[in-house]
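Asks: Those protein sequences? They're chains A and B, same order as listed. Read in order, the letters of the first sequence are residues 1 to 299 in my numbering. Read in order, the letters of the second sequence are residues 1 to 97 in my numbering.
Keep in mind that the hints were calculated from the coordinates and are not lab data. For each residue, glycine too, the CB sits at the ideal point set by N, CA and C. Please note that the accuracy of each hint is not assured.
[Claimed, not checked] Anything over 10 Å on all C-beta distances counts as not near chain A; from chain B, calculated:
# : residue
1 : Asn27
2 : Asp30
3 : Leu36
4 : Asn73
[As the list claims (entries may be wrong)] Cross-link-like lysine-lysine pairs, in silico, PhoX-like; alpha carbons within 25 Å at most:
#  : chain 1 : residue 1 : chain 2 : residue 2
5  : B       : Lys77     : A       : Lys31
6  : A       : Lys189    : B       : Lys59
7  : A       : Lys189    : B       : Lys53
8  : A       : Lys23     : B       : Lys53
9  : A       : Lys22     : B       : Lys59
10 : A       : Lys22     : B       : Lys17
11 : B       : Lys77     : A       : Lys208
12 : A       : Lys262    : B       : Lys45
13 : A       : Lys46     : B       : Lys53
14 : B       : Lys53     : A       : Lys31
15 : A       : Lys41     : B       : Lys59
16 : A       : Lys189    : B       : Lys17
17 : B       : Lys17     : A       : Lys27
18 : A       : Lys27     : B       : Lys77
19 : A       : Lys45     : B       : Lys77
20 : B       : Lys77     : A       : Lys46
21 : A       : Lys41     : B       : Lys53
22 : A       : Lys45     : B       : Lys59
23 : B       : Lys45     : A       : Lys189
24 : B       : Lys53     : A       : Lys175
25 : B       : Lys53     : A       : Lys45
26 : B       : Lys77     : A       : Lys41
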Amino acid sequence: MAFIDYYKVLEIDKKATDAEIKKAFRKLARKYHPDVNPNDKEAEKKFKEINEANEVLGNPENRKKYDAYGENWKHIAEYEKANQGQTYYNQSQPHEDFTSYGRDADDYSDFFESLFGNRSRSHSKRHQYKGSDFSTELNLDLQEAYTTHKRTVTINGHNIRFTIPAGIENGQTIKIAGHGGDGIGGGPKGDLYITFSIKNHPDFKRDKNNLYTTVTIDLYKAVLGGEITVNTFDGKVKLNIAPGTQNGTKVKLKGKGFPVYKEEGHFGDLYITFQIKIPTKLSSKELELFTELSKLRTS
Amino acid sequence: MNTENFIPINTLCQHYKLEISFFNNLNENDLIEIQLVDNIQYVHKDSIYEIEKMVRMHKELDVNIEGIDIVLNLLQKIDALQTELHNVRNRLLLYEN
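Between the sequences and the hints, there should be enough to build the whole structure, so can you do that?
Replies: Put into structure tokens, the structure is as follows:
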């Protein structure tokens, strides 16, 4: 772990007074507090750093050691603790690397704990706080998003099985209550937020609950009409092609689109665009017939 | 009214160590909805997450009630814009190969 310059973190001079440190911390806390930066990992990380910096610089004894020993200050503290038999910083984890704590989601609640003074030396009152919220991303393909199904994710070694409702959207986040970090002082556990990333489908495009696809039909079916079979997410569907169907013609198959999120039995529509395939490499007979047709049209 | 799903304001005051005026101010600014039953003020338990957020802003960031109102409004706007951005991005996929 690289050395962190806490003065830089708090954007203050090394000669800053206690009041200036406090002011800088409050100002940065207002800017990066998780409540005013929801789902912002960068802000969360920055908030941890400024809190950590405040833990050190906001305590005159810690600051003195930090100023004297720089990045080695914590080792000096441990050495002193060992010699004097004093509890110094973290009673439950005396060998914790101070500059590297709070770097993953597990430590987030510790961070809050220290912010509110539960673990600090100068505060003795205990509060109950909800544990930190965890977040993760899950990739699905469009077919998977079409049906309600169960999935398991592993968060910090714990398998969490949950249901993904049909119709989940790309970028949508769902909350799994009570699967975040442990609460503080007996407070409730945090929540797990899962954001879905839904991959494109080669044949179908989705816009909310509607699906869009392109179906190629041959020239003869377009001219003469007939029946074709098209694929939908709900299986194969027979479709009548009207005689004289033009290239780019769109038809709507009602209720054959994507399921509406958390509205069982409700579906969007499927929009089909017809693309007419013009025959190439004509045989001499075909060429003759097309020529004849052309003459009939122009005469 | 059945108060099973409601939390007395006094309980919140004790828990968060805040004056009742804080909650009354939130109520006056339409940030929470206080219900009066038999002369006891309650809030619905579903609102506790939002209340905790406001309490944190007040206690940890020294934001006053008006400031909390502004922050919450701006967060709502950000949320709406993010939703719109998601929708637009998803729509854009229609035109991408």
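Asks: Work down the list of hints and note, for each, if the structure agrees.
Replies: Comparing the hints with the structure gives:
1. Asn27: 20 Å, holds
2. Asp30: 19 Å, holds
3. Leu36: 27 Å, holds
4. Asn73: 12 Å, holds
5. Lys77/B / Lys31/A: Roughly 17 Å separates the two Cα atoms, so the pair holds.
6. Lys189/A / Lys59/B: 21 Å, holds
7. Lys189/A / Lys53/B: 15 Å, holds
8. Lys23/A / Lys53/B: Distance ~22 Å between lysine 23/A and lysine 53/B Cα, so the pair holds.
9. Lys22/A / Lys59/B: 15 Å, holds
10. Lys22/A / Lys17/B: Holds: lysine 22/A and lysine 17/B sit about 22 Å apart, inside 25 Å.
11. Lys77/B / Lys208/A: Status holds; Cα separation ~21 Å.
12. Lys262/A / Lys45/B: 24 Å, holds
13. Lys46/A / Lys53/B: 19 Å, holds
14. Lys53/B / Lys31/A: 15 Å, holds
15. Lys41/A / Lys59/B: 23 Å, holds
16. Lys189/A / Lys17/B: 22 Å, holds
17. Lys17/B / Lys27/A: 24 Å, holds
18. Lys27/A / Lys77/B: 23 Å, holds
19. Lys45/A / Lys77/B: Satisfied, since the Cα-Cα distance of roughly 23 Å is no more than 25 Å.
20. Lys77/B / Lys46/A: 23 Å, holds
21. Lys41/A / Lys53/B: 18 Å, holds
22. Lys45/A / Lys59/B: 21 Å, holds
23. Lys45/B / Lys189/A: 17 Å, holds
24. Lys53/B / Lys175/A: This hinted pair holds, its Cα atoms lying about 17 Å apart.
25. Lys53/B / Lys45/A: Roughly 19 Å between the alpha carbons, so the hint for lysine 53/B and lysine 45/A holds.
26. Lys77/B / Lys41/A: Distance of about 19 Å is within 25 Å: holds.
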